[in-house]
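Produce the complete structure using the sequences and hints provided.
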Amino acid sequence: MALLAADGIDARYGDVRAVTGVSLSLAEGELLALVGANGAGKSTLLRVLAGAHRPFAGTVAFRGEDVTGLRDFERARRGIALVPEGRRLFASLTVRENLLVGAGSRRTGRWNVGSVTEALPMLAPLLDRNASQLSGGQQQAVAIGRALMSNPEVLLLDEVSLGLAPIVIDELYASLAAVRDGGLGVVLVEQDLDRTLAVADRIVCMLEGEPVLEGTPASLSREAITDAYFGHVAAPAGGGAGGPGTAGDDAGAGNGGAAWWS
Amino acid sequence: MVVVNALVQGILLGGVFAMAALGLSIAFGILRVVNLAHGEIMTVGAYIAAIALSRFGVSVWVSLLVAVPLLGLAGYWVQRAMLQRALRIGELAPLLVTFGIAIIIPNVLIELFTTNKQAIPTGGLAVSSISLVEGVNVGVLPLITMAVAVALIAATQLYLSKTRNGRYMRAAADDWETLRLMGVDHRRVYALAMAMAFGIAALAGVFFGMRQGGVTPYDGQLAVLFAFEAVIIGGLGSLWGTLAGGIVLGVSQTLAGVVSPELPLLVGNLVFLAVLMFRPTGIVQSKVAV
Chain A
74 MALLAADGID
84 ARYGDVRAVT
94 GVSLSLAEGE
104 LLALVGANGA
114 GKSTLLRVLA
124 GAHRPFAGTV
134 AFRGEDVTGL
144 RDFERARRGI
154 ALVPEGRRLF
164 ASLTVRENLL
174 VGAGSRRTGR
184 WNVGSVTEAL
194 PMLAPLLDRN
204 ASQLSGGQQQ
214 AVAIGRALMS
224 NPEVLLLDEV
234 SLGLAPIVID
244 ELYASLAAVR
254 DGGLGVVLVE
264 QDLDRTLAVA
274 DRIVCMLEGE
284 PVLEGTPASL
294 SREAITDAYF
304 GHVAAPAGGG
314 AGGPGTAGDD
324 AGAGNGGAAW
334 WS
Chain B
328 MVVVNALVQG
338 ILLGGVFAMA
348 ALGLSIAFGI
358 LRVVNLAHGE
368 IMTVGAYIAA
378 IALSRFGVSV
388 WVSLLVAVPL
398 LGLAGYWVQR
408 AMLQRALRIG
418 ELAPLLVTFG
428 IAIIIPNVLI
438 ELFTTNKQAI
448 PTGGLAVSSI
458 SLVEGVNVGV
468 LPLITMAVAV
478 ALIAATQLYL
488 SKTRNGRYMR
498 AAADDWETLR
508 LMGVDHRRVY
518 ALAMAMAFGI
528 AALAGVFFGM
538 RQGGVTPYDG
548 QLAVLFAFEA
558 VIIGGLGSLW
568 GTLAGGIVLG
578 VSQTLAGVVS
588 PELPLLVGNL
598 VFLAVLMFRP
608 TGIVQSKVAV
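Protein sequences, first through last, are from chains A and B. Under our numbering, the first residue of the first sequence carries the number 74, and numbering increases by one thereafter. Under our numbering, the first residue of the second sequence carries the number 328, and numbering increases by one thereafter.
Treat the hints with care, since some could be wrong.
Claimed, not checked - Derived DEER-like restraints, expressed as beta-carbon distance ranges: (1) B:TRP404 / A:ALA110: 46 to 56 Å; (2) B:ARG491 / A:ALA238: 41 to 51 Å; (3) B:TRP404 / A:ARG144: 15 to 25 Å; (4) A:GLU138 / B:SER381: 53 to 63 Å; (5) A:ALA110 / B:VAL477: 52 to 62 Å.
No lab work stands behind these hints, which were simulated from the structure alone. Every residue gets a Cβ at the ideal spot worked out from N, C-alpha and C, and that includes glycine.
Right, here's the structure in full:
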């Protein structure tokens, strides 16, 4: 059973379609990367998975249970944590307080202020600093640590490296590798293709709200991904290509086949 | 000596203003709701004290045990059932809801208790005083009021900085959408904050009533004006600022009273206006951004 499964997700902002016909699944311990240009719908998809954006159609299942109707804070309590785009720290709280608020879902596990600080060493000297006084990289570390504090089973990471110096990104990714043991599933939205190819178990490339390419880093050529990224949908390379839903033609996939595209 | 006396009385008067301002400051700082009914909530608190005494013979202090939790509950309910819905419509809608409440309450009070002043006698407390130096006497009641105001502000500050729910409240003030991603229902946090604001308003209302020896249905209008002025003078969203604002307002009023008994209200309002014009962020900068 998939840890997290989305089926036929269609998300809109008013009349604007942000995500169309996306189906994907995440296994325990897997790192799934979503790549695509700005406006491809990656962040919206993450928000749908986290319950922060209500999809127009489609379902989200967590460990086989339909959680589509659950709101964001209810999903957080189940173990789905989102590190939102722009980090969104609580600016008037200290780093320590930000972490403590992150434990709001009251789930227990290996993560507490101590273990998070160990996994993200750059936080150690900052715990009593105000969150508004941090650099971008430090903010991102706090945002990740804050999400870990909920002892999640699924971590949704939006734009981890956006606007950060390469050396800071290296440190964050090193920490990320350290937190992944123990079956934590990760969905990563990342603009940096090299980094994505290095860490991902599987990659889904999105274009204008639709998945256009899917595969493992080994099965996908760089060219195929860049083509998909920019919309030159050439013959998809490798296995699993065009897999997820293929933009709505198999809406029946395991979920009653609601006519969500109408 | 007259001026020194006015200064001392003004500082103590600031205690009741600060107490009145505290609940308003919490509602605005955490929920961004301007509670126009704040004065009327105070009035209801004072009525509970007055009725408890006149009907049941319960002392003012004991009546606080009823008034504060009761209005706290009312605050929780008003937030969940009315203001939270209104917040979805826009920023103006909650303002209108509180305005509506501010109109309803005095009318209900008139229906129930007429417009007559309901006495809140405090026995010897109202007249007993301590002589500091020759010519400067301070009333025991204003002293107690000031002590309670300071304790209340300190307790609120402590609650917001040290407790889990306090942290949630500050986080909600920063970014409630992100707070939800942490597994916290911000509506519950907002309702708790409003419960706090209403409970403190009830307490302030009882002290306000004791100071005036009683309460009428329309007392809220003046009380909310003082509370607003204290909040603005002190600085929006700053807890200790409400104390500073209350004291500045109190001192301006009593000093003006030395010149002429007709001046206190006018001068208080002018000081408020001056702060709005020349230092709109208030005299105390918000450190713990509540």
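Hint-by-hint comparison with the structure:
1. B:TRP404 / A:ALA110: 46 to 56 Å: 48 Å, holds
2. B:ARG491 / A:ALA238: 41 to 51 Å: Given range 41 to 51 Å: violated, Cβ gap about 35 Å.
3. B:TRP404 / A:ARG144: 15 to 25 Å: Since the Cβ atoms of B:TRP404 and A:ARG144 sit about 21 Å apart, the hinted range of 15 to 25 Å holds.
4. A:GLU138 / B:SER381: 53 to 63 Å: 58 Å, holds
5. A:ALA110 / B:VAL477: 52 to 62 Å: 58 Å, holds
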